[in-house]
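Protein sequence lines, in the order shown, are assigned to chains A and B. The numbering of the first sequence is numbering that gives the first Met the number 0, which starts it at 0 and goes up by one. The numbering of the second sequence is numbering that gives the first Met the number 0, which starts it at 0 and goes up by one.
For the record, the hints were derived by calculation from the structure and aren't laboratory data. Take the hints with a grain of salt, since some may be wrong.
It does not matter which identical chain is used: a pair holds within one copy or between any two.
[Unchecked claim] Pairs of lysine to aspartate or glutamate, EDC-like flavour, derived with a Cα cap of 16 angstroms:
#1 LYS316 - ASP77
#2 LYS87 - ASP417
#3 LYS316 - ASP211
#4 LYS227 - GLU253
#5 LYS208 - GLU317
#6 LYS347 - ASP20
There are 2 protein chains.
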Amino acid sequence: MDNILIKHTKALIDGEMIPADIAIKDGIILSMDGAPEGFVPDTVIDGEGKLCMPGLVNAHTHAYMSLFRSYADDVAFDNWLFGRILPKEDTLTPEDAYWGTMLSCIEMIKTGTTAFCDMHLFAGIPAKAAHDAGMRAVITRGLTGSDGGERRIAEALDEWNEWKHDPLISGMLAPHAIYTCDEPFLHRVMEVADETGLGINIHLSESPKEIDDCYAAHGCSPVEYLAKMGMFRHKTLAAHCVHLSETDIMLLAEHGVSVAHNPKSNLKLANGIAPVKQMLDAGVNVCIGTDGAGSNNALNMFSEMNFACLLPKGINKEGDVVSAKEVIRMATVGGAKALGLQNVGELKAGMQADLAILDLGQVAFRPLHDIAGALCYAANGSEVETVIIGGEIVMQNGALTKIDEEEVYYHAERITKDW
Amino acid sequence: MDNILIKHTKALIDGEMIPADIAIKDGIILSMDGAPEGFVPDTVIDGEGKLCMPGLVNAHTHAYMSLFRSYADDVAFDNWLFGRILPKEDTLTPEDAYWGTMLSCIEMIKTGTTAFCDMHLFAGIPAKAAHDAGMRAVITRGLTGSDGGERRIAEALDEWNEWKHDPLISGMLAPHAIYTCDEPFLHRVMEVADETGLGINIHLSESPKEIDDCYAAHGCSPVEYLAKMGMFRHKTLAAHCVHLSETDIMLLAEHGVSVAHNPKSNLKLANGIAPVKQMLDAGVNVCIGTDGAGSNNALNMFSEMNFACLLPKGINKEGDVVSAKEVIRMATVGGAKALGLQNVGELKAGMQADLAILDLGQVAFRPLHDIAGALCYAANGSEVETVIIGGEIVMQNGALTKIDEEEVYYHAERITKDW
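Kindly generate the complete structure, drawing on both the sequences and the hints.
Here it is, written out as structure tokens:
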């Protein structure tokens, strides 16, 4: 692995732009203040006129679903799921899922995402794709309780055992949701979590129907239901959390549950808008995800940050809530914490060298009064030029170094051509 | 002006992708089916793997305000306006406004916008900037009633008389809002509209405070107030319309008032979310604007279209409302109609040659199940390669042909460096 020196650059630190010379050795940031004595760079990057920012962490996606990009738009949820997504998902092979995941990796890298949490259906595939793309990934095989629950748990453990020594790959257990896993199965997953020490990744409080059904079946909200069950004694990442009571928010905060906010997917599937301001006020660790491309259709965290900044202002009728700086924190350190990634999400000595280099010459930064605002409100992701993950350059001046883009597009179009 | 032939391309027609060979002569689309006999192109563009779409129409902006990009983020409205925007706006010279407007033209052209409606403060400046940039513009000098109302009207008429013969420039009268123009002044503006035949461009029903104050002063909503006054006998473009009663929506539809929806600005300034579904259902001509960069901070219509598709689904809890096709219509023909632009907004023979050429090889279009969905939900504007306005190529493969980008950036940064 190359020693890298990024010279005469600006680094994004706590939402501010600070002059820096970044030395990277063995995948780790050795110094933010230039090459220490004895450091001999193999690669020198001219950082003049560039911004180095921590790589973005996409805290919730289903990466194989990029195959569904623009396949199921503008339809009601039941038609989306039963009419469009499930019939085609049912035809996908593991190899198809690999190409879909690679397609997501292309889009994520190009828009500055360096790590993602993937809830998937194809054991071993996302880990292989992330490995081939050079991305940091948390692999979480979706688990549903009825008919084959134990098989899925075994698959999840097999892939975890196969990949757990890869420095870029980690795992969580992913009971899909309270409406696809019954209580005994959720207890079984917690048992596995106890045995393995793995955290939990679950869809939670996404739709009004989920809330209504939970009250009807259990007399309480989905958050209360899991809290009573003891789920939150495990490190938990809950995706969506659109519909929350004040008690729910208090429970999430008390138990240190992280919430992956997916603003665009929640709008597209007509679920609503999550109470992000209220969660942040209560001290919940909120991070940001794109969800799958079938309900988005992009995996561009810059667009997601834009929504995350704007929606709370509009719905709370307060212009000074959920600032750009807070949202950048959510999309970097917040995500890293939620995913259990050690030393990820900030640019400082000792951290993993996961970063995106942006061209400050682009119009989004002209003029540049405030870097956090420019990133969250004006940039669209196309400003990203170079991406480094764990010290490896995975994109250089717009060219992916580890992925053959055209090969991936060829397969994605081959797989979906008769849809 | 060159004769242009775009060969072997795809054209976006009624939201669908149709094979085309586009011949352009004297600024007009001569044919969508190849070069007619005797047509000799000066310029041939290879359209293989590209999409030609109608240029986007930004129906509401204040283009000089790009100087304020990321200058006033995450603050409450009063602080935004009185603490940040007005004190600096007060220091701007007409020359400053020219560079700010040119800066907006750069961003708009790069993201496929070919026409914009500009409410401004600097007579003659936006017309000159649009002319220099090669953009189609509707210039509307903002009019306020107290102290200097007649002077402003005179300025508006002077610039209109100076520029009305320019094929790319047209004008409207722009009484700023009901809270900055009293009733006698609004009648005076209507008198001028009668004399000149110019349409009206006005901010309307933007904030909760505007509604409350109007009820307190006039016992009715802002829309009812203008309707009673007879304003809507003129061709009217009303920006924002966030807070509307059912009666308001009915009045807008009945009177053929066009509404410029500015979803991102409305969120950022904490005004709320406009009832777009309800307006469309009632038959209102809704179009899309970015508003000024001070309350956005981008002038990227792709991002605005994304919000316009997603917000109505989330707030109405219906996934099948306000489709991508409808939003593309709003951002093209809807905008052209609202701005009174003749033969603009569609690609067909006889129309003005205002179009953007996008690279279908970009990841947003891979795979490509539905072009309208891909444009509204996955594209971010960076897919635009070439832009033609009135038959003139203003951007070719990412390079602006009429604007010296670095000169504009230099001035924008010079003007704002001590802010």
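> Between copies, within a copy, both or neither: which fits LYS316 and ASP211 at Cα up to 16 angstroms?
Replying inline: Between copies, since 15 angstroms is at most 16 angstroms while 27 angstroms is not.
> When no copy is specified for LYS208 and GLU317, does a C-alpha distance of 16 angstroms or less occur within a copy, between copies, both, or neither?
Replying inline: Close across copies (13 angstroms), not inside one copy (29 angstroms); limit 16 angstroms.
> How do LYS316 and ASP77 come out at 16 angstroms by Cα distance, when the copy is not named: within, between, both, or neither?
Replying inline: Classified as between; 13 angstroms across copies, 32 angstroms inside a copy.
>> When Cα atoms must be at most 16 angstroms apart, do LYS347 and ASP20 count as within-copy, between-copy, both, or neither?
In response: within (11 angstroms within a copy, 54 angstroms between copies)
>> Reference check for the pair LYS87 and ASP417, CA-CA at most 16 angstroms: within, between, both, or neither?
In response: This pair counts as within: shortest intra-copy Cα distance 10 angstroms, inter-copy 57 angstroms.
> Given identical chains, is LYS227 near GLU253, meaning Cα to Cα at most 16 angstroms, within a copy, between copies, both, or neither?
Replying inline: within (13 angstroms within a copy, 56 angstroms between copies)
Of the numbered hints stated above, none is contradicted by the structure.
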